[in-house]
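Participant: Residue strings, one per chain:
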Amino acid sequence: MPTTASAASAFADVTTSESALRRFLHGLPGVDAVGLEARAASLGTRSIKTTAKAYAIDLAISMIDLTTLEGADTPGKVRALAAKAVHPDPTDRTTPTTAAVCVYPDMVATAKAALAGSGVKVASVATAFPAGRAALPVKLADTRDAIAAGADEIDMVIDRGAFLAGRYLEVFEQISAVKAECGDRARLKVIFETGELSTYDNIRRASWLGMMAGADFIKTSTGKVAVNATPANTLLMLEAVRDFRAQTGVQIGVKPAGGIRNTKDAVKFLVLVNETVGEDWLDNHWFRFGASSLLNDLLMQRQKLATGRYSGPDYVTVD
Amino acid sequence: MASVFEYAPAPESRSVVDIAPSYGLFIDGEFVEAADGKVFKTVSPATEEVLSEVARAGAEDVDRAVKAARKAFEKWSALPGSERAKYLFRIARIIQERSRELAVLETLDNGKPIKETRDADLPLVAAHFFYYAGWADKLDHAGYGANPRPLGVAGQVIPWNFPLLMLAWKIAPALATGNTVVLKPAETTPLSALFFADICRQAGLPRGVVNILPGYGDAGAALVEHPDVNKVAFTGSTAVGKSIARSVAGTDKKLTLELGGKGANIVFDDAPIDQAVEGIVTGIFFNQGQVCCAGSRLLVQESIQDELLDSLKRRLSTLRLGDPLDKNTDIGAINSAEQLSRITTLVEKGEAEGAERWSPACELPSAGYWFAPTLFTNVTQAHTIARDEIFGPVLSVLTFRTPDEAVAKANNSQYGLSAGIWTEKGSRILAVANKLRAGVVWANTFNKFDPTSPFGGYKESGFGREGGRHGLEAYLDV
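Just so you know, the protein sequences line up as chains H and C, in that order.
Each residue of the first sequence is one higher than the one before, counting from 2 in the working numbering.
Each residue of the second sequence is one higher than the one before, counting from 15 in the working numbering.
The hints are all genuine.
Cβ-to-Cβ under 8 angstroms is the rule here; a few derived chain H residues that face chain C:
id : residue
1  : Ile49
2  : Thr52
3  : Asn275
4  : Glu280
Dumping the calculated BS3-like pairs for lysine-lysine here, alpha-carbon to alpha-carbon at most 27 angstroms:
id : chain 1 : residue 1 : chain 2 : residue 2
5  : C       : Lys341    : H       : Lys54
6  : H       : Lys265    : C       : Lys341
7  : H       : Lys225    : H       : Lys113
8  : C       : Lys473    : C       : Lys423
9  : C       : Lys363    : C       : Lys256
10 : H       : Lys50     : C       : Lys341
11 : C       : Lys327    : C       : Lys423
12 : H       : Lys305    : C       : Lys341
13 : C       : Lys449    : C       : Lys423
14 : H       : Lys305    : H       : Lys265
15 : C       : Lys449    : C       : Lys473
16 : H       : Lys54     : H       : Lys265
Bear in mind the hints are in silico, worked out from the structure with no lab data behind them.
Glycine included, every Cβ here is placed at the ideal spot set by N, Cα and C.
Excised from the complex, chain C in its bound form (with noise of 0.2 angstroms):
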């Protein structure tokens, strides 16, 4: 949008990472060679341009780094948590020191924008650190007995939209409760996992507590399957978890799975709607929408949806898309090809079943894998769209007449990973988030995510509970 007050490019410099040609696996503390010698290209979904070559792990790797977490299980289990937290804390203060650097690394990978590393994913990384390095001493005092312990070799696959948030999410846990890790990183976004691993060097982390192993599914179905492993924690899609939980069935492994979502995010008529509005964007456009506690489903109430769609149309027309480095960029590239494509195919699906959609005029980059700001109206729940997670940065508005049909609406869905409520009256966030079945609920806020709170899901959201005390037990023998 040309306008008299025009941006000039403010880009972050790329020169304050330096990102090597080649990396390798790191199992026991050391970057070493995948056994087949098998690579794969890590690109940055900005520009396609590829930034590095990276080991990709088979099953024997996979085998060895369990070895490796095996043997370094014994001595990282009997440290008193108060050295343990030592370890967690260096982690956390180096991962400030080096934010930048992260910061910049992750927009170049996963294509999301420097504003939202800087100021989101790479802060709640040090916090989810810092936090779980306050356990590590006080396990006594979590609610699980005296002297919690640890299950042993946990087996870790994270995605790729907040590639190292939810090695984080992952490793902080893991490692203040006692067991060690192998973490295999999204295939398309492998990096910072491996600058992580150089920050365990860095620490001082004794080798084979912390085992990085980026590749594809294969080598993640290698690592859940893997009989010497004690623990799994996946966050990715419900098909891959359903996969996973079958194959973990029936043996002593301890599982925890945060799958996708199709957040609700309910309008009343009495909300802050300007807040409101904010709410809306940062609830399906934060990261492009790639998010699994998006609030991808608007339910607005009908007498105020026309004043809430002018609102937020006016807002969507701010938004800046464009080069993730750039300071002011508001909307980053799609991660990869195959995500965009997933994503045009579910809006091409929008629109053949009738709904309309629409999109504020926006230039698109011709490099790289992107996709404008996107809403649905005319949308019920019938709809593909209403009921299918988009993962992208696409917004279904439906409406509602009453609070009970706002629940029941917000509930009709397979998922239950988050929801939103706007209203001024304290009341009614109170009575409504009791009825509703998600396992985050944010009130006048959404998107907003502190170490502090337990995060997971619903029915097919998955189970179990990260983040918080609640955190803690899905590393502890309890």
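Excised from the complex, chain H in its bound form (with noise of 0.2 angstroms):
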């Protein structure tokens, strides 16, 4: 498989100046919002039982990034957070790990400690998350920090303020320069910020200007806006993917995030996975789920599979 910086070259005449830029991103097709809208509906009805069920559950946790964004963060709730990942439900240690725990670059260290040896990978927030309102070298400075501190995954978001107003080689040198500063050492996803972009054929040209720059992973939201991932704007993300690897050979992973906080939902992000790229991306290697509370459904539906009773609330840990 090429490397990413293959992938680069090949659309090194794309990205020679803003006009090119423009004209590439401009050029690919459109995207009808109702029809995209009622493709991911229509996949949305697919009648997920039993085994295919148990199957979607495991993989589902295995993708989630447990995350906790808060101006309240502290090592201890880290620390629980951890836990959590490592050892989601505490009463059947056949449960997944999580993939990932998400936090700000300051909780890096926290959290790296807390996870030692357990597989369980740290992705830190970074370039002034999550407005993305700082010049560059702060930017650069914020990621620089997070992976001195160990962080594996860099959760970076792109200036949407660029991008609205047009200046599209600005976000591509942006997040060039991000990829450069985490080189080999940390995997980089790209938050567009999907609620705050609107149109989906802003969110096709973001996915293939992400991509083109280098991103690993192209993420819905941070979910710190009205409108986070949905299943329309992620079946459109999962297109793009798709159609970059048929060009370029370059397998890109996807990230929905903010919003997604049962089973159900899950499990219909998985059916579009499943139905549009197919299994080389059902694995946490190409695609994660940016969530919370998802955790504690997914481990409550898990224990109603195995026990065919409902357990409860009190019955999954609250960290």
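Mind assembling these two chains? They're in different frames, but the hints should get you there.
Facilitator: This is the structure we're talking about:
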């Protein structure tokens, strides 16, 4: 499989100038909003039962970036979350671990220590999350700090202001700069804040922009605005990574984040993955859920499948 | 296709519907045997299992039913529109309440996936009755002057592809305008019409207003030829439609025909590709392509042909064919052995004439009537599969270079029922739609139905409109 560097070179001519980049992004096929949402809704009617449900629940747990991104985060809170990530269900040690714990850069060291030896990754938001309103050197320093503290993954936000003002090259260069900062030390997730980009055409353009600039993952949202991950915007991003791989041979991950709170929703997203990009993406190296409360619902459903009874919120841990 | 994420079977329960071992004809509010005692069997096309034995109407039964409808007409047509509306609203609500039962029944008798009967057929059936219930007391405002009068007895013959929906399209406007009806469902799908008869009784509909005569073509012919029928409505093949037109010629019967089609789905180079692919799939594989307005001809701009076909083939590989009662099934069974052999014959002709056939890897069940989703490339206007209605899951792909050529090719058909346009350019949608000679033109969607929208054809696709305000005219003496 070609490396990301060759993907970037495949688009070298596209990213030489503002106008070339604009022409490329505006030349991508349009998105019919009604049709996109109808397709996402129709995949949402798949009936996932018994063995398929058990598979989907465990897969979903293993794909969670268990997240706390609050001003009130403390080392205690982060350690509790890390413990939960490693043993989501203390009564059933066969439960898979989550993929990662996602925290602010200043909490990376705490998370790293708490997760040592568990295989659970530490993801850190960076680049002046969630608004992204800071100068590039500040964003790069933010990224550097997180990596220095041990972050395995960086969740950066794009400059939506620049994107909406049509300064695509500026967004491209910022992503490239953060990617360079990550090097091969951390995988880079690029957050578009789809709720602020607002149109599906914009989301498709942002997806290609991010992938061409070196994103390892494209991610819907910060979880801090009114509209976060939806089946439709995630379906659109899955189509983008599918087309990108077809064109370049490079596989990119997708991470819907925010608003996915229960098992039923998570399973619907996995159906989208299964029927849009297929089993190559049914792995936490390529698909993640940015979520916190989702995990407990998955655990309750997992217990229900195992025992035939619903337990209740007091039978999963609240952290 | 084996996958790490294999969906476990998710069958809808059969126990929600109770199919009796035998059914009679529904005449004058009663279920009765055929005068000559004849019966026929109806089978599940997915398994060939016999579902029930149904009385087979003959000419004598047609006469009895028409007499019952004539007798009921006087009182029914004299009811205030608001009273007729009450019955129709009641029927609509009962259909909603029994929709799960009716969906399972329709899937069993027709072979189409439960996903479609549950999410398309049944909601549309109820919506159609609700819509025309609303018209019953507002006919003065339909554009036909004050107090427009009904015609009398309507003889209606419907096809097997959307049994209950076609019944709704026929019966709802007829009753709303004050006519009484004798309806003959198709011989392969009589059951939902018989359940509808039960719903009429449940709704307290006066005797004789609706009569249901399961039977074959002879019963249909007897019905449309009956001298006391004032209105004939037929949905089905163009060949039968022509013979009905001949038999009705010279009488004062009012006639509407909704016949075949060879819909063109036109994809321009600036189309939203992923959604266009979905629309192509919906256009030709919805109901296994057994849809008169199916988008059976894909006209794709030559410059994007390869890209579009790659996407389409990839998408077809994800279609799930199998048990129609499974909630995850996308493609169900072909309705009958007869239809399957028609499809097979035409597909063989396509190959013989040099078109290139492709189907995704797809295992067909051993029992029942099945046909894999199929597409043909290298098709030209001269190929039989580009001209004849196949009425199956078979798509013919043709190319064009310019919008004018697209319009010319789309219109170059004996039919003119439906067409689709895919482009992100609004002005092109308007310009092309105005030039297409098709009764329904969809823009950036396909096979979208709504009771408020008139539906019908140009040329050999028939005449008259069903649905919407226009649909009232067929049942009014105007």
